Amino acid sequence: MDEPIAKVSIVVSKGSLEGVYPALIMANGARAEGMEANLFFTFFGLDAINAKRVEHVKVAAVGNPGMHLASLLGVLPGMSAIATRMMERKMEENDIPGLPEFIELVADAGCGLYGCRASADLFGFTEADFVPQVKSIITVGEFYALSAGGQIIFT
Amino acid sequence: MTTQTLAGVTVERDAEGFLMDPSLWGEAMAEAIAAEEGIELTKRHWEVVRFMRRAYETSGAGPNVRLLARTSGISVKELYALFPKGPAKTAAKIAGIPKPHGCI
Numbered sequence: 001m002d003e004p005i006a007k008v009s010i011v012v013s014k015g016s017l018e019g020v021y022p023a024l025i026m027a028n029g030a031r032a033e034g035m036e037a038n039l040f041f042t043f044f045g046l047d048a049i050n051a052k053r054v055e056h057v058k059v060a061a062v063g064n065p066g067m068h069l070a071s072l073l074g075v076l077p078g079m080s081a082i083a084t085r086m087m088e089r090k091m092e093e094n095d096i097p098g099l100p101e102f103i104e105l106v107a108d109a110g111c112g113l114y115g116c117r118a119s120a121d122l123f124g125f126t127e128a129d130f131v132p133q134v135k136s137i138i139t140v141g142e143f144y145a146l147s148a149g150g151q152i153i154f155t
Numbered sequence: 001m002t003t004q005t006l007a008g009v010t011v012e013r014d015a016e017g018f019l020m021d022p023s024l025w026g027e028a029m030a031e032a033i034a035a036e037e038g039i040e041l042t043k044r045h046w047e048v049v050r051f052m053r054r055a056y057e058t059s060g061a062g063p064n065v066r067l068l069a070r071t072s073g074i075s076v077k078e079l080y081a082l083f084p085k086g087p088a089k090t091a092a093k094i095a096g097i098p099k100p101h102g103c104i
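These protein sequence lines are chains W and H, in that order.
At position 138 of the first sequence the residue is numbered 138 (the working numbering), and the sequence of numbers has no breaks.
At position 59 of the second sequence the residue is numbered 59 (the working numbering), and the sequence of numbers has no breaks.
Calculated from the structure, these hints are not laboratory results.
Since the model is a prediction, treat every value here as computed from it, not as a measurement.
It cannot be assumed that every hint is accurate.
[To be verified] Pulled a few chain W residues facing chain H out of the computed Cβ check, cut under 7 Å: (1) G29; (2) A32; (3) E33; (4) G34; (5) L69; (6) E92; (7) I96; (8) A109; (9) G110.
[Said to hold, decoys possible] Quick list of in silico lysine-lysine cross-link-like pairs, DSSO-like style, CA-CA up to 30 Å: (10) H:K77 with W:K90; (11) W:K14 with W:K52; (12) W:K58 with H:K77; (13) H:K85 with W:K135; (14) W:K135 with W:K52; (15) W:K58 with W:K14; (16) H:K99 with W:K90; (17) W:K135 with W:K58; (18) W:K135 with W:K14; (19) H:K77 with H:K99; (20) W:K90 with W:K52; (21) H:K77 with W:K52; (22) W:K58 with W:K90; (23) W:K135 with H:K77; (24) H:K85 with H:K99; (25) H:K43 with H:K85; (26) H:K43 with W:K58; (27) H:K99 with H:K43; (28) W:K7 with H:K77; (29) W:K7 with H:K99; (30) H:K77 with H:K43; (31) W:K135 with W:K7; (32) W:K90 with W:K14; (33) H:K43 with W:K14.
[Said to hold, decoys possible] Okay, the calculated bits of chain H under chain W, using three or more residues with CB under 8 Å as the criterion: (34) 52-66; (35) 69-80; (36) 86-95.
Just so you know, even glycine gets a beta-carbon here, dropped at the ideal spot from N, CA and C.
Okay, chain H solo, but in the shape it has when bound (with noise of 0.2 Å):
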């Protein structure tokens, strides 16, 4: 666990870089996590980090790949174009929510 300050917030972030506490995360820090994955966030990037945003704040888990196409109409290879390193782990990680689980 690492703490550090992003976009002018303290914030404790585990071994992979998620957000320990996610009631810190504002838009701002998305930006900032979003520029250590390599990715400009993009209208279609928000679309995807604010609906693992509200999927996690409705259930208090964000989805895997399969379930985030299924539920947000984006398909999986848009997915994996916005988000080549892992669109459910890499959206959850800027969308300052814990990594999705499950192995599907």
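If we strip away everything but chain W, and leave its shape as in the complex, we get (with noise of 0.2 Å):
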């Protein structure tokens, strides 16, 4: 048998539902492997970790193919609001937490948040402005030395 993944990195890099949505599912998967597992939010990736923005993440309704919605719709003032409104039911059908709750699941099941320092300074966000579940602002560099063994899974 292979050797089993013993710990994933997971590098959330855009502030969509869809982008976030995996990552999460995955790191709190890890844990429930008895994995250890990171989530590094970087660039508008930060949103999903922002106590401002975390309650408004929405889904793309424009350059999303998977959303069989022509582009010129999308475009539409409220689209995506209503995309999301839609996603959000689906999920609640399918017993999917919400984004904060969500975050506070794996969280709570010991997956370490973290915030990337480029992309904070860049935004002018402090950790004042996270959610309180993020451990802290890190640099690409203690990034790597936290994922030192593991896998790195970028999405």
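Assemble the dimeric complex from its two separately framed chains, guided by the hints.
Structure (structure tokens):
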């Protein structure tokens, strides 16, 4: 049998619902399997841990072929909000937690949540802007040190 | 799949160590499986193990971590403190029931 994966570090670089959920599901699943898991939020992915924005992360209605929605329609005002509401309803039906609850769940499960130093500086964020589950803002070097001996996944 | 004797009973276990036949399970066996996992079962562990067992007997499957926390009233944090290698998975193994399914 192949050596089991003991640790994963997942980079979340996108600030859309479909960009954030897979990372959270993978991190939560890793912990449920007894693996160590870290989440590193960078660039627009920081919205998922931004206390003011975490409840407003939306599905991309434009430039998202998976939505099966003509881009011309996607640009209409409110289209992203409608798509997001539809998605959230589906998720609720399937017992998938909302984003703030999911962030709490992975943190409670022992997954380490970190913000990216370069992105935080770029957008002018400090630890005070993030949800309390975030352990700290770390540099890319610290991220690699944290990820030592494990697998790194970029989403 | 391997065949072995656990707490005096001959059982078959899958590659991850889950019992193939949950009906062969007993509390002495739970202690033996927990010991393999490096866990000494406290009263609180037993609450979780018995809860998993009951959930399996009533619904045919053990719950995943989120559902386990919600239905048992034991927090996700405490569940992971009790079973660091995955509460639903480890407690299911100790309870002699199949591994819980589902991604979340």
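Comparing the hints with the structure gives:
Here the hint on G29 of chain W is kept, as its CB sits about 6 Å from the closest CB of chain H, short of 7 Å. Interface restraint check for A32 of chain W: the shortest CB-CB distance to chain H comes to about 5 Å, inside 7 Å, so the restraint holds. Proximity of E33 of chain W to chain H holds as hinted, the smallest CB-CB distance being about 5 Å (cut-off 7 Å). This hint holds: G34 of chain W has a C-beta 3 Å from the nearest C-beta of chain H, less than the 7 Å allowed.
For L69 of chain W, the interface hint is violated, the least distance from its beta-carbon to any beta-carbon of chain H being 26 Å, above 7 Å. Contact between E92 of chain W and chain H, as hinted, is not supported at the beta carbon level, the nearest pair being about 12 Å apart and thus beyond 7 Å. A hinted interface residue such as I96 of chain W counts as satisfied when its beta carbon comes closer than 7 Å to some beta carbon of chain H; here the least separation is about 6 Å, so the hint holds. Interface hint at A109 of chain W: satisfied, since its Cβ lies 6 Å from the closest Cβ of chain H, which is below the 7 Å cut-off.
At about 5 Å, the closest approach between the beta carbon of G110 of chain W and any beta carbon in chain H falls short of 7 Å, and the interface hint on this residue holds. Taken as a hint, the K77 of chain H and K90 of chain W pair is honoured in the structure, with Cα atoms around 27 Å apart against an allowance of 30 Å. A distance of roughly 17 Å separates the Cα atoms of K14 of chain W and K52 of chain W; the hinted pair therefore holds under the 30 Å criterion. Proposed proximity of K58 of chain W and K77 of chain H is supported: the alpha carbons are some 28 Å apart, at most 30 Å.
Note on K85 of chain H and K135 of chain W: the hinted pairing holds, with a Cα-Cα distance of about 21 Å set against a maximum of 30 Å. Pair hint K135 of chain W plus K52 of chain W holds up; C-alpha atoms about 17 Å apart against a cutoff of 30 Å. Distance check on the hinted pair: K58 of chain W and K14 of chain W sit about 11 Å apart at the alpha-carbon level, within 30 Å; holds. Annotation: proposed proximity of K99 of chain H to K90 of chain W holds, straight-line Cα distance about 26 Å (limit 30 Å).
About 24 Å separates the Cα atoms of K135 of chain W and K58 of chain W, which keeps this hinted pair within 30 Å; it holds. Distance hint between K135 of chain W and K14 of chain W is fulfilled; the C-alpha atoms sit about 20 Å from each other, no more than 30 Å. Pair hint K77 of chain H plus K99 of chain H holds up; C-alpha atoms about 20 Å apart against a cutoff of 30 Å. The straight-line distance between the Cα atoms of K90 of chain W and K52 of chain W is roughly 24 Å, inside the 30 Å bound, and the hint therefore holds.
With a CA separation close to 25 Å, the supplied pair K77 of chain H and K52 of chain W stays within the 30 Å bound. Restraint check for K58 of chain W and K90 of chain W: satisfied, since their Cα atoms lie roughly 14 Å apart, inside the 30 Å limit. Only pairs whose Cα atoms come within 30 Å are accepted, and K135 of chain W paired with K77 of chain H is accepted, the gap being roughly 16 Å. Note on K85 of chain H and K99 of chain H: the hinted pairing holds, with a Cα-Cα distance of about 13 Å set against a maximum of 30 Å.
A distance of roughly 19 Å separates the Cα atoms of K43 of chain H and K85 of chain H; the hinted pair therefore holds under the 30 Å criterion. Restraint check: the Cα-Cα separation between K43 of chain H and K58 of chain W comes to about 44 Å, which exceeds 30 Å; the hinted pair is violated. Our distance criterion of 30 Å between C-alpha atoms is met by K99 of chain H and K43 of chain H, whose separation comes to about 22 Å. Distance hint between K7 of chain W and K77 of chain H is fulfilled; the C-alpha atoms sit about 19 Å from each other, no more than 30 Å.
At roughly 21 Å between alpha-carbon atoms, K7 of chain W and K99 of chain H fall within 30 Å of each other, so this suggested pair holds. Restraint check for K77 of chain H and K43 of chain H: the C-alpha separation of about 17 Å stays at or below 30 Å, so the hint holds. Taken as a hint, the K135 of chain W and K7 of chain W pair is honoured in the structure, with Cα atoms around 18 Å apart against an allowance of 30 Å. With a C-alpha separation of about 21 Å, the suggested pairing of K90 of chain W with K14 of chain W holds against the 30 Å cut-off.
With a C-alpha separation of about 44 Å, the suggested pair K43 of chain H and K14 of chain W falls outside the 30 Å cut-off, and the hint is violated. Under the rule that three or more residues need a Cβ within less than 8 Å of chain W, the assignment of the region 52-66 of chain H holds, with 3 such residues. For the region 69-80 of chain H, the assignment as covered by chain W holds, since 4 residues bring a beta-carbon within under 8 Å of that chain's beta-carbons and 3 suffice. Coverage of a stretch by a chain is defined here by at least three residues with a beta carbon nearer than 8 Å to that chain's beta carbons; for the region 86-95 of chain H and chain W the count is 5, and the condition holds.
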